[in-house]
Amino acid sequence: MTEEKHILTMLVDNEPGVLSRIVGLFSGRGFNIESLCVAETIDPKVSRITIVTKANEPLVEQIEKQLRKLINVIKLRDLTGSGSVQREMALICVRAKLENRDEILRMVDIFRCKVVDVGPEYYIIEATGTEEKMKALVNLLKPMGIKKIARTGTIALFREPH
Amino acid sequence: MKLTGAQILMEVLKEEGVNSIFGFPGGATIDIHDNLEKTDLRHYLVRHEQGAVHAADGYARVTGKVGVCLVTSGPGATNAVTGVATAYMDSIPMVIISGQVPTHLIGNDAFQEVDIVGITRPCTKHNYLVPSVEELPRILKEAFHIARSGRPGPVLVDIPKNVQQATTNFKPKQKVKLKSYNPTYKPNSKQLRKVVDLIMTAKRPMIFAGGGVILSKGAEELTKLARSTKIPVTMSLMGLGGFPGSDPLSLGMIGMHGTYRANMSTGKCDLLIGIGVRFDDRVTGKTDCFAAQAEIVHIDIDPTSIRKNVPVSIPVVGDCKSSLEVINNYLAEEDLEKLTANRGPWLDQIEQWKQNFKLAYTQEEEIKPQYVVEKLYELTRGEAIITTEVGQNQMWAAQFYHFDRPGHFVTSGGLGTMGFGLPAAIGAQVAFPDALVVDVAGDGSIQMNIQEMATAVQYKLPVKVVILNNCYLGMVRQWQELFYDKRYACTCMDHAPDFVKLAEAFGAVGLRATRPEEVEDVLRQGLETPGPVIMDFRVTKEEGVYPMVPAGAPITEMLLV
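Residue numbers (our numbering), protein chains in the order written: chain U, -1 to 160; chain Y, 4 to 564.
Okay, chain U solo, but in the shape it has when bound:
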């Protein structure tokens, strides 16, 4: 059975130890985490966690069931596919030698990024988009020399019905 990427989003009680329960479940049962995002929602008692995992169909079913079984998981959805909007953000510190500066700025323009810090030999670029877009951008910047990168991992929301 083929493994596919799944974006699981869940609302959880915003309490100490909840993230540890979820992460512990993944490590204890040998599930995989590709990325993980956590932050408070509008309701300060509730946080949203988004986990990207790679698994085959029966395993994803098991992961979802195990997560739902946790007392602190209020609601869980699989946001894989076109029914949802998915984004991640990256901060990329790229080496910017004189001969490359124009090329980098062109790419920032094409990928609709922003330069958020400038130095004599570097730019820090803020980029958002789908995971594919991030990968494409990183691939194009690599030859110039990426000094550092920080990525958030995917977050996603279901599209509201029209």
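Worth flagging that the hints you see were computed from the coordinates, not collected in a lab.
Computed from a predicted model, the values in this text were never measured in an experiment.
Treat the hints with care, as some may be off.
Pairs of lysine-lysine, DSSO-like flavour, derived with a Cα cap of 27 Å [said to hold, decoys possible]:
#1 Y:Lys178 - U:Lys67
#2 Y:Lys289 - U:Lys63
#3 U:Lys43 - Y:Lys182
#4 Y:Lys271 - Y:Lys5
Keeping the supplied structure of chain U fixed, place chain Y upon it in accordance with the hints.
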């Protein structure tokens, strides 16, 4: 009403119908123990915290109520972990109260501090560190609710010492409100209709019943279903007693040491109805070959159990008892005479398997362990509460003692915890002071919690311990015999204590049998003696448990002798 945290705990324990607690005090529980003394709650002082948890576990298994134990912080709590994991694996309702260092010391590596909530997260159904006395009543109510509802399990509540001492306004009988926790009790009746349709058309159906039947108190409905449709029933280790073992439709236990007919039936059946089971690896053997010709129905209250290990044709999430009731109601409208009239060939086949290989042993000069269990069954007329340790003793008890009612077989199935039987027997005896409670033990595992004999003697709990003493860690030795060219590495235990003298040292009675003709007398005398008794049976050293399915093999491929 202004109460301290420790007093609130007493109030909630009373509200929840608790009357017995198993525990061991320490610096972080003094306030609680101090208040316990002022109530009607009975506290049983064990000799090791693992014993407290197993005793609460044994109490819960025979009563169906939530078992409660109380341990101190640090080593008290870590000693309890094996017991907590044992209860978790077997879905036993339990609340573990642990003392914790005061909140301002948490995280400071304080004396006797350990992050027990972190440690027990993967082996509890849920757990709590109580941050303040204001939160305590809600958390305690939730803990009992979670422990006993849905698929039951242990819930740990860690209470810092200053929370026990702080006061707050206590409102009695608070309602539990948990928005994210709603176990599905009511099964989907459309799914169950499909199950009934399969029952009506199947030629070789069988039922596979597990601990869920016992936990949901569904044994009666199961028996009704099996008898009205003449469907044979096999049980997991945890399911023994869920269907009468002496009924002709009983196939006995399934799995690695299951009966020949039970294992062969799964290979040939065309419908397998799993109820309250989780298709554990000790049951299925090689999963690809398990019930390969059958449509599999799986009824369980825990959705994660379904399709975890085996593919299922009809999944049903719901309470076992309620599901069985719905099935029986549907069946009441069907032509069952016609259905059961065609059952002949299948039951004949099973009878033939039964004749081909019976659970048996050859009587020799020495005492056979199976003979001891068989005699125990006869002398107690199958009515004793049997607890076991883990290993060969456990399997022989499961094979040769036939359980006709639920709540009479208390064994660590999932975790396989040696040292479980004696403290569990103590818990069962506390629940039913007049019942005959017997721990079937091995010489290896009895030594793991033998200190609890002192508890039994102190509280005059007349538990009987039957040691099948072969001077080996017998189950591992059996694997070494079969799969490691008889290299008995580290399994020989020829330096055991003299169990008769040991019993006497504890203030109990010790008896011994070394020859087969002494077995019955020693058993009779031991069972009739008031107070705790240890009976030491010197059995054949290298006896094996058979049938045996090698780990990972299909369960129809058994080693028979």
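Discussion item. For a C-alpha distance cap of 27 Å, please report whether Y:Lys271 and Y:Lys5 respect it.
Written reply: Given that 27 Å is the threshold and the Cα spacing comes to 66 Å, the pair is violated.
Worksheet item: Are the Cα positions of Y:Lys289 and U:Lys63 separated by 27 Å at most?
Response: Holds, because 24 Å separates the two Cα atoms, which is no more than 27 Å.
Worksheet item: Between Y:Lys178 and U:Lys67, is the straight-line Cα distance small enough, at 27 Å or below?
Response: 21 Å, holds
Item to complete: Take a quick look at whether U:Lys43 and Y:Lys182 sit within 27 Å of each other, Cα to Cα.
Response: This hinted pair holds, its Cα atoms lying about 13 Å apart.
The structure does not agree with numbered hint 4 stated previously, though it agrees with all others.
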